[in-house]
Structure formats: C-alpha cells, structure tokens
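Asks: Here's the letter readout for the chains.
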Amino acid sequence: MRRVEVGFAAAAVAGVAGGLAAWGSGWWGAGVAGSVLLGGLAAEWFVRRRVRAWAYCERADDLLVRRGVLFSRLSVIPYGRMQFVDVRAGPVERAFGLATVRMHTAAAASDARIPGLSGKEAARLRDRLAELGEAMAAGV
Amino acid sequence: MSGFEQGRWRRLHPLSPLVHAGRLLIALAVVAAPSAALGHGAWESLGQLGTVVVLALLGLVAWLVTRWRVDGDDLRIETGLLRRSSLRFPLKQVQAIDIVRPGLARLFGLAELRLRMAGSTGGHARLAYLPAREADRLRRQLLALGQGGVEEPAEPDEERVLLTVPTSRLVAAIFLSRVGLLAAAMLGGLVTIAVVSPSATRGVSGGSIVYALAAVTGLWRRFNGAYRLTVAEAPDGLRLRSGLVATTAETIRPGRVQAIRMVEPLLWRPFGWCRLEVDVAGRQRAEHEGGPERRQLRAVLPVGGRDLAQALLERIVPDAPGERRPPPRLVLLKSPLRYHHLSWGRTDSCVVTTSGRVARTTDWVPLAKVQSLRRVQGPIQRRLHLVTIHLDTAGRNVHAALRDRHVAEADPALGRLVELARAARAAPSSRPTV
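Going down the list, the sequences are from chains Z and Y.
All residue numbers for the first sequence refer to numbering that gives the first Met the number 0, where the first residue is 0 and numbers rise by one.
All residue numbers for the second sequence refer to numbering that gives the first Met the number 0, where the first residue is 0 and numbers rise by one.
Here chain Y stands alone, though its shape is the one from the complex (with noise of 0.2 Å):
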C-alpha cells in the first residue's frame, strides 16, 4: 500500500476517546464498583452513570470534529467543536517525530503520532490516536516529505543499531540518583519508625503516603522512559526506542541537534557512568508529560560508560574537541567548588565546555548552531580579570559557557569564535550525520 493521498481529510481511530478518558475510566470503575457491589442507593449509582455517559458523550464529540490530512508540504489538523482551530504544520521545520504508546494504547494496536516544532510555545502536532502500522507508515511519509518532497515512503529501511542500555545497570542507576535515593531515605525512615514504636507507624505513614506515591510515580517514569532503550542510526535520523508499558519511538531528524549535554552525577563517578542528553530546539514538550520530564531532556544515553558516551558522540558531534584547557587558578576564590570541573576546548566546527559543582557536566555545542554571543563580567570577575562567555542555541537549556576565564584569552577566543561561527553557518549542512 501507498502512502497516504494528498488533499483528503481523515479522522482518528474511533478507539481515541476509548484510550484518552482510559486511565479516568479506571479511576471511575474503582470508585463506583464498591458502591455498585454494597447495593447503595440507586441515586447514587445512576449519578455515577450519567457521568460515564457525559464523558463518553464528550470523547465522541471530541473525535468527531477532529480530522487530519497531509496538504503538499504541511500536515493540517482541524479540531474542536465551540473553539474551532485549524493547525497547520510545514513539515520542513519538524525537529522531531514521536511516536508514544502509552500502556492502554498498546492494548489496542493504536500509538499517538508527534510532531516536535521548534517554535517556543506550544507547537506540537499531535494525532491521538492512530493505528500503529498507520502511524509508522505515516512517521516515515512525513519524513520524507520534509526532507525534500519524496512523495512514496521509503521502505522500512535498514537500520543500525548503536546501542542498547541493560536493564540491571539502569535499575542501579535510578537508585543513584537524586529521586532513587530519596526513596530509598523515605522507606529506611518508615521502616525505623514502624520498628521503634509500631503504634506510630499508622499515622506516619497515613501522612506520608502521598509523598511515597508521588517518588514511585516517578521513580517509575524514568525507569519506563529508559527501559531497554535502544539507539539507531537510520537514514532519515537518528532513532531511540524505550518503554516498557508506555513506548516512545522517537526520531530526531538529521543536523537538528542544537547541543549536547554528558551529565556525571557524584554517586555515579565511582562506576564510571554518565547520562549523555540531546538538545533540540524549541523549548517545551507535550503538556502532559510531568514536570521532571519537561526539564530534562532527552537521554540518549540514561546510564552508560564514558567510551559508550563517547562512541555516540562521536556519531553526533564528529569533530569534537579533544583537549581542554583548564581555567586559571584565581578561580579557586571566585568559584571553589567548580574550579576543578571548569575547562573548555575549541575545534574549528564544535567546542565543548565543562562546568559543574557536584555533577560534572560537559556541553558540546556545534558553532552551526550558535544563534548568538555573549560576554559577561560581573563585578568580582572584574576583579580577578576574569570573564565568561556564553553560547546561546535554540534548544530548551543546554547552553556552553566558557565560564571564568582569563579575559586576555576570552576576548581573543570571543572574536575567535564568532569569526568561526559565521564561517559554520555559511557552509550549511556538510555534515553528513546527525
């Protein structure tokens, strides 16, 4: 079968309200069965139906006025019943496509379609839900579209894969970090207390039980948003599947990485690991996801060694500098506790910078993706001579900062760079990966 036809108007699979009030549906069944089951008042139990039946109501309304096509080089979507929008996308600026399954979605064969934009606020087209065969077919049609107007899909093309992250490394990992340890502290705490005075522990633990359920909640988000995640380098991007209930298959389309950030926690060090993040612009994801999630960014890399790091570096940044220079030792008075993680290095098309007070991270930039630059001096910098400059790009936050340096050769690596920059971005796309 073909591609999808040009110019005709589609709907979504007549599941989506089914899946989208899935997880209130639940909730509903949860609280009404008991009610249901001690034979409460009849009242009672038709309130509880008329709610089920106004949000199916809404869901169907929902799914009726919805419709998408694929129009030349953009994808349309009308929706909405009292406020009609109609979003148009070009697909030539889409940063990146998802394509999410959240647990019921699986049970059903359907997955969420999502088109990543760069602009600042909101841009982000998303179909919920289609079938899933449709929606890869889709995924890769767009693709394609957006890479220079091919109007046939590929064919499921070949792919390479990078790299797979184990489970038991990730497992370990999670309770390294800053959420796994605080679980761990919030059970040690009840378990102490349920051993030192058990008739304490039910009014503890009554307290408690919503911080406990919000730490596994999150604890649970990560290690689902990271399991089994694999990496693979296809032809029209860069692929990175994960999920054990919930699945993302994401693709970052090729030369969209604005900037990557390697991450080495404190309690990680001893092992070895770090977590390797990419930046793509624009500066919000989807709404839905919680709070953690909109700030971090995308692991490639959740837990791994630093060759691992640094063999899928090396596919994303090929040029990446080797040596850095560390800053001068006045630092130490101005910032003690990051002195020891402060450097930068410079190759003609890349530069990479290291900062950090506990967690050590490193920010490659490429120069073709510097949108501006600036020099920054505050008043006991200008004391000790010192200045940082910061790299601005487009994604969410990683930015490199050459921080703290001497200003007789920050502001000759100033100039330097910015000469450097105007030449990366007047030799567009040479780059041949992502």
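The following block holds chain Z by itself, in its conformation from the complex (with noise of 0.2 Å):
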C-alpha cells in the first residue's frame, strides 16, 4: 500500500520533472528529473521492505502484530484488552480498495495498526476482532 504511495507520487514528481526538463532542454532539468527518479527507487526499496517486515497473526487469545525493518516491533494484544477497532481508509488508500484496521486498547503506548489491508479483509478483521472482544471482555 505504502509502496503504490510512492512509486505514484516519485513517477508523478519525475513526469513533471522530466516535462521541466523538456520544456527547458538543458542537462539541468534532465539531471534532476534523473536525481528524483533515483530517489524514487530508493524511497521504493525502503518502503518496499518495511510493507514485507509488516505482519499479524490471529492467535486464540491475542492479536500479534509485528512491523519495522530498523526498530523492530512486536505487539501481543490480547482480545479481552481491546477497546474499540477502527477501521480507516484514506483517500489514496480508498483508490486502491484498501483500508487500516486499528486496534486500542486502555493503554496509549500499545499501538498496533495493520495498514494495507483490502476492503474486504479490513471488515473481517474488524467483526472478528469486536466478536472475540466482546466474548473475552476484562475490565480495566
């Protein structure tokens, strides 16, 4: 999801650069429309590997969430500690037919979000999560 971001707006940026670079016909507009190309790929490969590095897990009491390529992450969120899921889909993200499950807890620092899920799959996600929620319910 992530990576459709930013290979749309580095092609985007290179499009116009290299209509810059046209329209001025000079090795300078050539070179940046080249230099942000190559920024491009490189955004592409980081994000590319932080979008695989991204992973959850249904387990029978817990959500587990794993995310981060440097600092790596892992969340165990257990059912009966989820306060609300909410499910977001930005415009970018909504072109794609994709949406961001969240799930809270009492605690702010537990944070576990799982971008780039399809439509469908986020829905799912959601109802099972507020079903298993509501059956294992612990209070504060």
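It should be emphasised that the hints constitute simulated quantities derived from the structure, not laboratory data.
If you're wondering where the values come from, they're calculated on a predicted model, not measured in any experiment.
Note that CB positions come from ideal geometry on N, CA and C, so glycine has one too.
Just to be clear, a hint being listed does not mean it is correct.
Said to hold, decoys possible - If the Cβ cut is set under 7 Å, some of the chain Y residues that face chain Z in the computed set are:
{"no.": "1", "residue": "R7"}
{"no.": "2", "residue": "Q370"}
{"no.": "3", "residue": "S371"}
{"no.": "4", "residue": "L372"}
{"no.": "5", "residue": "R373"}
{"no.": "6", "residue": "V375"}
{"no.": "7", "residue": "G377"}
{"no.": "8", "residue": "T392"}
{"no.": "9", "residue": "A393"}
{"no.": "10", "residue": "H398"}
{"no.": "11", "residue": "R415"}
{"no.": "12", "residue": "V417"}
Both chains come to you apart, so use the hints to assemble them.
Replies: Here you go:
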C-alpha cells in the first residue's frame, strides 16, 4: 500500500520534472528528473522492506502485530483488552480499495495498526476482533 | 440523616461562585485599593466596580444553571447557560474520588468533590463546591453505589493509618530535589550579586523576580501537596490525605492501581530515601492543576525510607517479586549509565523492573493490569542480540519495560508473560487488597 503511494508520487514528480526538463531542454533539468527518479527508487526499496516486515497473526487469545525493519516491533494485544477497533481509509487508500485497521486498548502506548488490508479483509478482521473482544472482555 | 435521595436535582452551595472567583477578587482588591485610597478619578473606580459586578453576575449565572443528582448508578451533572451540557458519570467506572479544599473554601467550610474516571480525555466529574460534611457523605455513598449498589452510605468506618510523613523530612527532601536546588542556586546567585556589586542588584532582581516567584510557587505546591500526608487503609479503598492550606483527601478504590513506581533520586540515596507513586487509569488530571502536578503521579509516599516503602508496597501489591535478574554485561556498551540500574524479576502475578540513568526508578506492574505487550528491537540492540519488552498499562505514564535483555532470555519470557497475563485476567479480583 505504502509502496503504491510512494511509487505513485515518485512517478508523478518524475513526470513533472521530465516535462520541465523537456521544456527547458537543458542538462540541468534532465539531471533533476534523474535524481528524483533515483530518490523514488530508493524510497521504493525502503518502503518495500517496510511493507514486507508488516505482518499480523490472529491467535486463540491475542493478536500479534509485527512491524519495522530498523526498529522491529512485535505487539501482543489480548482480545479481551481491546477497547475499540477502527477502520480507516484515506483517499489514496480508497482509490486502491484498501483500508487500515487499528486496535485501541486502554493503554496509550500499545500501538497496533495494520495498514493496507483489502476492504473485505479489513471488514472481516474488524468484525472478528469486535466479536472476540466482546466474548473475552476484561475490565480496566 | 440518610444518603442523598435518588433522582432529585440539587444545587451546589450558594457560596461557590465567591470561592471560584476568590483569587481573582483578591487580586482585584489589591489593584483597586491603592487607587481608591489615593482618591483617583471616580470614573476609574467605577470601571473597577463594574468589573466586579460583571464577574459576580457571571458567577451567579454559572451557579444558577448548574445542578446535579444521583440517578441509579450514575452521577449526573447539568451545567452551562449558552452551551448546555449534561454529563453522566457511571459510578462503576470511577477510579478514584478526591475531596479538594482550597484555602478559601476551607474558610467557608466548603469542599470540592472530584471523580476520576478511566477515560483518556477530560473525563472528570467536578462538584465545586459542596458543604464539607455533605461532600464527605456523598463520597461515601458514591463509593458504595459504585461497588455494588448499597443504597445507604456506610457508617464513618474505621480506617487503619499506615503512615504519616514527618514535616522535617519533607522539607529536607524538597530542598534536595531538582526544584529545591534550582531555587537555592538562584537565591545564592542573587546574594552573591548583592554582595559583589550592590548597585547592580536592583536591575538583576527586577528581572529575575518572575523566575523566583515561579520557583517559590513550585516549592510551595510541592510542600503543600505532601504536607502531613497520611495514608490509611479503609474498606472502600486506600485513603490519602494531605495539605496545609489547600487540603486533598483522595480515595483510590481497591483494585484500581495500575502500576507502582519507586523513584530514588541521586541526592536522596545517601539518606536511603525514595518516593513511591501509584498510577491510576485515565491520562490527565484536572486542567487547573499545574504542569508539574499533571505530569507527576500521585505520590503515596513523597519521601520515606526503603523499609517504609516496602511495607506500603506489600499492602498494594501483595505478591511483589523478590529477586531480580541483572542484565547481560554487553549492555554496558549500549547504555553505560543505565547498566547498573537495570534488572527485572517476576512472580506469577506481578512484574518488577528497574531502570534510570541518574535516578533509579523501580516499576511494579500487576500482570492482571497489563493491556498489551510489545517487543522492540533497535538496530544497536540487534547487533548485540538484545531486546526490550514493554508491558503497557492503562495508567498515565508508568509502564514497565524489560530493557536490554538477551534475546535468548527475552523471547521465552515474553511467551511466559503473555500466558501469565492471560491467567491473571481470567482470575479477576481474587486479590483482597488495593
């Protein structure tokens, strides 16, 4: 998902820069376009790794969310502790039919976000989490 | 007299607006008195009089439109003239009830009742002001209602005083704290300047008076907040009472303590002193409390010896782990300052961790209160095969972290902690104490 976003942005910028280059018809413009493209590719590489590292696993009693390449994080969120689940889709996400599911517990620090799920999967996950959360609810 | 009958709307005490505006009025009087005494223009005094009248009117209106009642298991408050708001506070979710009495309110025999809820933003019920005796009765009734629908408030029950903080020790401790040292340094600086060049004193003192005032206020707040702090154990929770001018009486309900922290600042260590704080759910305190107070947790023990802290700790967490494991030696490379303070230990119901660079902090988290667990590994940690495991609670800012443990130790520990936390959740409220 993020990959799409970055790739998209890089292509657009490169396009504009290319246009500028053609219009100015100088080496200078071409250099700019090239470096932007290069930057985009590098970002693409980073983001791809980031996306690959993002994973989640529904276990019997809790949800595991793993993310991060440089700083790797693994969150364990018991279903019973979930206060609410929210599903979000920004404009770019919506354009690709994707959504972000986010779990909230009473603790501010616990951060479990799963971006780039397909709309259907996001809805399924949300309903399942809500159901499990209700079944196992524990107080604060 | 029995409790407050259900469903009837009540008003706050008629003197409340006066107490609310008290500080402002005093300030105004200070400003206005000299000009009135000197016989300045009548227009000026008229303007000041007008301000007072407008303030009084506003206060009166605010009082007129505010009412409250106990409604089943809820406390309901309605307030506001233009923006009418109706608030409902479920008593089952009350974390703690405070009775706060500023100096002026004490003069009139009034008190403010404050209910702390678990919500993260602004979820506080405030009834300011009620007659002091009524506030106390209401507190008892609300606690009883929240605990299981006993209609009648319990009798003024016996409580067991666990400790009182001696004033001399408190003063010493405050002077050895960061704020105290800062104030002392400032005072010292001023005196030095006055001795070296008396002519410069005027200018310097004029400029620094604001800071001096801030420091004094900070010191005073701390002193007042912890003055003669008494911790008592009662059937409806842990009671904390303190204050010289403005007094606070807090009741923390049983089982609502999310985490406990013990802080041992460097300067206190020679005396073997420490501070013990408890963390309750809900992220903010009332907005008019000062910045430092908001960040600082409620200190159950502002200053005291380790044995005292240990005794108190055993009251709050019955099953505190005894032995702690030191970190692997490799950690010296990664966090040399912290290394000597790092350790962790656990029993089946509680985890303890220590950390801190200069001041040592020790955090106890009951596993039944753990909201989620996180395993975090940074780039340097990965090189050294270290990992940090965080235990998040619903509290304001205490959370235990098993910092910089070896992967071979941490990963099985994480699995075990997840299981233990699950077991602790499944067996609720088996713990009798707070």
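Asks: Each hint should be assessed against the structure and marked as holding or not.
Replies: Hint-by-hint comparison with the structure:
Contact between Y/R7 and chain Z, as hinted, is not supported at the beta carbon level, the nearest pair being about 31 Å apart and thus beyond 7 Å. With a least beta-carbon distance of about 4 Å to chain Z, the hint placing Y/Q370 at the interface is held under the 7 Å criterion. Using the Cβ-Cβ criterion of 7 Å, the hint placing Y/S371 at the interface with chain Z is satisfied: the shortest such distance is roughly 4 Å. Checking Y/L372 against chain Z by beta carbon gives a least distance of about 4 Å; that is within 7 Å, so the hint holds.
Proximity of Y/R373 to chain Z holds as hinted, the smallest CB-CB distance being about 5 Å (cut-off 7 Å). Contact between Y/V375 and chain Z, as hinted, is supported at the beta carbon level, the nearest pair being about 5 Å apart and thus within 7 Å. With a cut of 7 Å, the hint placing Y/G377 at the interface with chain Z holds, because the nearest CB-to-CB distance is about 5 Å. Taking 7 Å as the C-beta contact cut-off toward chain Z, the hint placing Y/T392 at the interface holds, the least distance being around 6 Å.
About 3 Å separates the beta-carbon of Y/A393 from the nearest beta-carbon of chain Z, less than 7 Å, and the hint is met. This hint holds: Y/H398 has a C-beta 6 Å from the nearest C-beta of chain Z, less than the 7 Å allowed. Taken as an interface hint, Y/R415 does not check out: its beta carbon lies about 12 Å from the nearest beta carbon of chain Z, beyond 7 Å. Interface restraint check for Y/V417: the shortest CB-CB distance to chain Z comes to about 5 Å, inside 7 Å, so the restraint holds.
Of the numbered hints listed earlier, those contradicted by the structure are 1 and 11.
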